[in-house]
Amino acid sequence: MENKNNTYELITKKLTSSLSEEEKVLLDQVFTENTELAENYEILQKYWNHYFFKTYPNNILNKTEKKLGFKFGQNKNLSLKTVYSVAATILLILSLGFIGFQLLKQKPEVVLTNYYANNSIKNIVLSDGTNVWLNKGSILITSQPFTENRREVLLVGEGYFEVEKDETKPFYVKTAQLSTRVLGTHFNMASYPGTKNTEVTLYEGKVELTDAESTSNKVVLKPGERATFSKEDKNFFVKDVDISKPAAWRNGCIYFYDEDLFAIAQKLEFKFQTQIIIVDEEVGKLRFTADFDKETLEEILKLLSEAHAFDFTKTQDGIIINKAKKHIVPTTKNKRT
Amino acid sequence: MINDYHFKSGIAKSDQKKFKQLIEITSDELLLFAIGFVRNKEVAEEIVSDVYVKIWNNRSEIENILNLKSYLFICVRNGSLSYLRKAKNDPTISVESLSDYHFIPVEDNNNTPIEKETIDSIYSAIEELPAKCKLAFTLAKINGLKYSQIAEIMNISEKTVNNHLVNAVQKITEILNVKKRRTK
Numbered sequence: 001m002e003n004k005n006n007t008y009e010l011i012t013k014k015l016t017s018s019l020s021e022e023e024k025v026l027l028d029q030v031f032t033e034n035t036e037l038a039e040n041y042e043i044l045q046k047y048w049n050h051y052f053f054k055t056y057p058n059n060i061l062n063k064t065e066k067k068l069g070f071k072f073g074q075n076k077n078l079s080l081k082t083v084y085s086v087a088a089t090i091l092l093i094l095s096l097g098f099i100g101f102q103l104l105k106q107k108p109e110v111v112l113t114n115y116y117a118n119n120s121i122k123n124i125v126l127s128d129g130t131n132v133w134l135n136k137g138s139i140l141i142t143s144q145p146f147t148e149n150r151r152e153v154l155l156v157g158e159g160y161f162e163v164e165k166d167e168t169k170p171f172y173v174k175t176a177q178l179s180t181r182v183l184g185t186h187f188n189m190a191s192y193p194g195t196k197n198t199e200v201t202l203y204e205g206k207v208e209l210t211d212a213e214s215t216s217n218k219v220v221l222k223p224g225e226r227a228t229f230s231k232e233d234k235n236f237f238v239k240d241v242d243i244s245k246p247a248a249w250r251n252g253c254i255y256f257y258d259e260d261l262f263a264i265a266q267k268l269e270f271k272f273q274t275q276i277i278i279v280d281e282e283v284g285k286l287r288f289t290a291d292f293d294k295e296t297l298e299e300i301l302k303l304l305s306e307a308h309a310f311d312f313t314k315t316q317d318g319i320i321i322n323k324a325k326k327h328i329v330p331t332t333k334n335k336r337t
Numbered sequence: 001m002i003n004d005y006h007f008k009s010g011i012a013k014s015d016q017k018k019f020k021q022l023i024e025i026t027s028d029e030l031l032l033f034a035i036g037f038v039r040n041k042e043v044a045e046e047i048v049s050d051v052y053v054k055i056w057n058n059r060s061e062i063e064n065i066l067n068l069k070s071y072l073f074i075c076v077r078n079g080s081l082s083y084l085r086k087a088k089n090d091p092t093i094s095v096e097s098l099s100d101y102h103f104i105p106v107e108d109n110n111n112t113p114i115e116k117e118t119i120d121s122i123y124s125a126i127e128e129l130p131a132k133c134k135l136a137f138t139l140a141k142i143n144g145l146k147y148s149q150i151a152e153i154m155n156i157s158e159k160t161v162n163n164h165l166v167n168a169v170q171k172i173t174e175i176l177n178v179k180k181r182r183t184k
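Sequence order for the protein chains is A and B. By the count of our numbering, the first sequence reaches residue 337 at its end, each step adding exactly one. By the count of our numbering, the second sequence reaches residue 184 at its end, each step adding exactly one.
The set of hints was computed from the structure by calculation and includes no laboratory data.
Cβ-Cβ distance ranges computed for the label pairs, FRET-style:
hint, chain 1, residue 1, chain 2, residue 2, range
1, B, SER9, A, GLU39, 49 to 57 Å
2, B, PRO105, A, LYS234, 49 to 57 Å
3, A, ASN217, B, GLU61, 34 to 42 Å
Just some of the chain B residues that point at chain A, by a computed CB distance under 8 Å:
hint, residue
4, TYR147
5, VAL169
6, ASN177
Because the structure is a prediction, the values reported are computed rather than measured. Every residue, glycine too, gets a C-beta built ideally from N, C-alpha and C.
Please put together the full structure from these sequences, using the hints given.
Printed below as a string of structure tokens:
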């Protein structure tokens, strides 16, 4: 009897996905000895994994709104555009310190220039020959032409830089969190307001990243490395990445290299101007390597969820991602790598 | 995610859009959970919307809630039981003394149907389970909650949750055996 109870406990744990590796071996053994039980388990498992509650339309949202006396969503979130203009203004104020100072002592033709890639990707050539691609919704602020001894730009959002070599005048890219000092290099930098991390990927040359708040906190990158700087704990995390497709977003492509779904969702939010909520923390930690070009948001999510199972639902306000209800055996880790 | 710091802090800062999303994510499950107690959709909708109203009115406290999902279930449980105490005029009704819980049959989600007859016998086995056992089974099967969350919601130990679930699984398996013998 003791034994029998134990078997059902193992079956229960298996259904609720709380079975340990050793217990799994035990249960498999029970199943080989008792084929009838194994058959019953098959049915039970089908029932557990494929039968779900049906949702009926309900009036809960309406009733809640009625009881509270207002309708939700009238104090709309700050739109992305507003967030950017606020961020840009703050950066502008911060930057007026140094650029403004330079402007004052410069020739009158030096102007503070504000590049804003509104709905499309923008390619800018700066006065020193440096090429910058600005991703959608991103802002670059600088004084043009560059002054005699300093090349400095401010970035909100994402940009890919091909910096013209000039050993005597280092090129600085500043964001709210980081100051990046470069000589002649190719690198991508993503620092979107509202996200947890600033990301710098180096394709050529050398860059030095410095925490804007503590100049002793710095890291030097080699080509093929990506630094992720956490805005919360101010730590740099450096790892090797595939650099065969520099800043694929410039061609409208989306490219993820071993990134978790939280980070991917943030990129998709910016790309598709929507909101994505990940309900289950475990799902948010799933990692993907994938690239996409012309796929729609739904197509991308569908392809990703085939690699690692998760469910997603489209709502009026965006996408809700939850853990998968049905079990799909992950076939391959990489989707069209 | 409903336990995510940013999500909770959004609601704490009166972000209505985030709160609306919380309702969208959780209301279906909470409605079914309440119907299990009160067996009336209208009444269940009232109970669940009262819970959201209470959370919105106390939104500045939301960040202190460790597990928002369990918390929502506990609020709905309390609302349902308090409705039953009034409706049945029985002040002793509590989760500990639960004598009745309704399991709402689930539907198959794609093309992996089990024979209708088999499914019916599974449901009859579930129907026969004691109320608390049925409740634990519902929370594990329908809501996919962890043992620790079920323990919190039912106000019992994880060991007891385990006992309830093992009991349910055993009863269902046994009915499948009986059915097989009959068809032989």
